[in-house]
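Just so you know, the protein sequences line up as chains X and C, in that order. With this note's numbering applied, the first sequence covers 16 to 361. With this note's numbering applied, the second sequence covers 16 to 361.
Check before you lean on any hint, since a few could be wrong.
[As the list claims (entries may be wrong)] A few chain X positions that, by computed beta-carbon distances, are all more than 10 Å from chain C:
#	residue
1	Asn22
2	Gln32
3	Val37
4	Phe42
5	Val121
6	Arg311
7	Ala336
8	Phe347
[As the list claims (entries may be wrong)] Covered stretches of chain C (chain X as the covering partner; in silico rule of three or more C-beta atoms under 8 Å from a C-beta of chain X):
#	segment
9	277–287
10	292–305
Hints in this document: simulated from the structure, not taken from any laboratory. Every value quoted in this text rests on a predicted model; they were computed, and no experiment measured them. A virtual CB, placed ideally from N, CA and C, is assigned to each residue, including glycine.
Spelled out from the first residue to the last, the chains are:
There are 2 protein chains.
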Amino acid sequence: MSSKESNGRWLIRSYPQGEISVDNFEFRREPVPEPADGEVLVKTPHLIVSPPLRMALGTGGIAGSPLPIGSLMRGTGQGRVVVSRHRDFREGDYVSGPFGWQEYAVSDGVRRIPLKKESPRGDLPLSANLHVLGAGGATAFVGLYDIAKPCIGDVVVISAAAGNVGSIVCQLARQSGCRVVGIAGSDEKCRWLTQDLGIDAAINYKREAVAERLREVCPSGIDIYFDNVGGETLDAALALINPAARVVLCGATSQYEGDARWYGPRNYFNLVYKQATMQGFYIFNFQHRFEAAFTRLAALIRRGELSYAEDVLNGVESLPAALVRGLNGENFGTQLVNLDSAGATA
Amino acid sequence: MSSKESNGRWLIRSYPQGEISVDNFEFRREPVPEPADGEVLVKTPHLIVSPPLRMALGTGGIAGSPLPIGSLMRGTGQGRVVVSRHRDFREGDYVSGPFGWQEYAVSDGVRRIPLKKESPRGDLPLSANLHVLGAGGATAFVGLYDIAKPCIGDVVVISAAAGNVGSIVCQLARQSGCRVVGIAGSDEKCRWLTQDLGIDAAINYKREAVAERLREVCPSGIDIYFDNVGGETLDAALALINPAARVVLCGATSQYEGDARWYGPRNYFNLVYKQATMQGFYIFNFQHRFEAAFTRLAALIRRGELSYAEDVLNGVESLPAALVRGLNGENFGTQLVNLDSAGATA
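Using the sequences plus the hints, can you model the full thing?
In structure tokens:
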């Protein structure tokens, strides 16, 4: 580590009124921190920037309250131990953790920024540990197999289908013998879904009337709806569910920008008429399934049976823009930020 | 049957704009119909009048469209075969079926007004077959045991707790070792729930702030919410669910008067944070459980361990008023109408 280096960090400057902007964050350069005894210094080459982060400046999400003004913005990344004064970590170890929006982090390994030592599958890119071989892949795997429980012939509809989680669900559902319909935000994404990932139909929600198009492409109804967006799309799907349908609640990207009062699905009572289930799940309650998920997903990638896309912005400076981009659905593939791109050694 | 008798019937005159009133129905007296070969004539002493009937003049509920103007109003009752020209039915047989709002009905036993021969438990009142030993009791039994699956110590909240279904759920949940909180519409109902049925707490939603009171009486959260009302009460319960909670959707009495766009529960995303399930069920998909339910519920009644209340209005003339009354929560106990009260022999 060069003594000239500094630690670029993004703090929360203000809470957005309405849509978030880069002005809600404040950039600072601070000295790279020194690890004390029992601590490590981690340099973070990649962060994943996904829409739920928006709630850190709003309702707080599962935390229930927003991050305080002036605090470091939340974010998950992967990095390398560059200085270790901790007996369980060695310099060079690859780790992932909730490093926040900064280039360097000091951790005691457990409490302050809990670190996970990655067991990288050497033949696959390390960045995959942030999505398909990380929480996103596990979410797709658990949400589909453990919660939705697909049967051959089921009609499966997935919103935010070209996203990190959605694109994996699309492919796994297709492999389970389901008819798969994706909802995404551009013709380019829709083409990727149908032509490259091989799903049966895709709807561009920015250009097409979702409720009407869903009726057209799902003439025999919906057996599984995997919801990543909430809002009127959730209602459109609920209107078409079949008996014994499973509605899996995973995300609500359309709602993260809103105030505390979300759009409530007015068609929820169709769950009664169709004896259907709407179920949420929290991926970190399924740690016991992670290894099974990653083993399976890695094998599928190696066999060329699972594709993923990454959308990488470069430099710590681009973090707020990456979040805005993701909330607007402008990214193509999992939104990552490469903090190393300014040329510092990682 | 006296030749002087006529058949009092209620037809749908108009669809309500907003709240329903007796003026939306039209009363007619017509000749008592004659059964043809293969048919029976049934005289109906009791009809049950429950809030979901409102949808017959609105969204149509599960049927998807309202009953046509001029048609007989829908309704379930129990009656006695007074003339039989059908080989499977004898005069005097007790039957139940969707007779509609009329004193006499002609049925072929299967297609036109499907009849079910009751096997009355002679020691219990026949009218009980319309609620605790009928669809209402089965709904409570299946909704609680098959869908909610109570565990000892669970906190169970029930809306419309003094109603036909709710009051049975309250008592069964208490017997399962749960802590039981009921929401009802009068102090009298709340007293009945806590003092006579023995549940732990009751909230009068017409006088108290439900969300706030729920927080007070459920300081450790809600494990099962059995919803009979929908609307803001459903949201108040969703705000307090515990991990792995089960939200059972049974009814939505607060919404039946509304237009086609119902109140959507804005707190639905708590199902994700709490890894919880919201599940609907349709009782007629559980015919295989009916005998188990009725055997159990009858045994509990005989042992004095299950109470129920009936609110009986007299005379065919009172049918529309009975529906309005039920929608306003003015009834105490299951709303029945005794069509025989004018003195005709049954």
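### Query
Can you list which hints this structure breaks, lowest number first?
none
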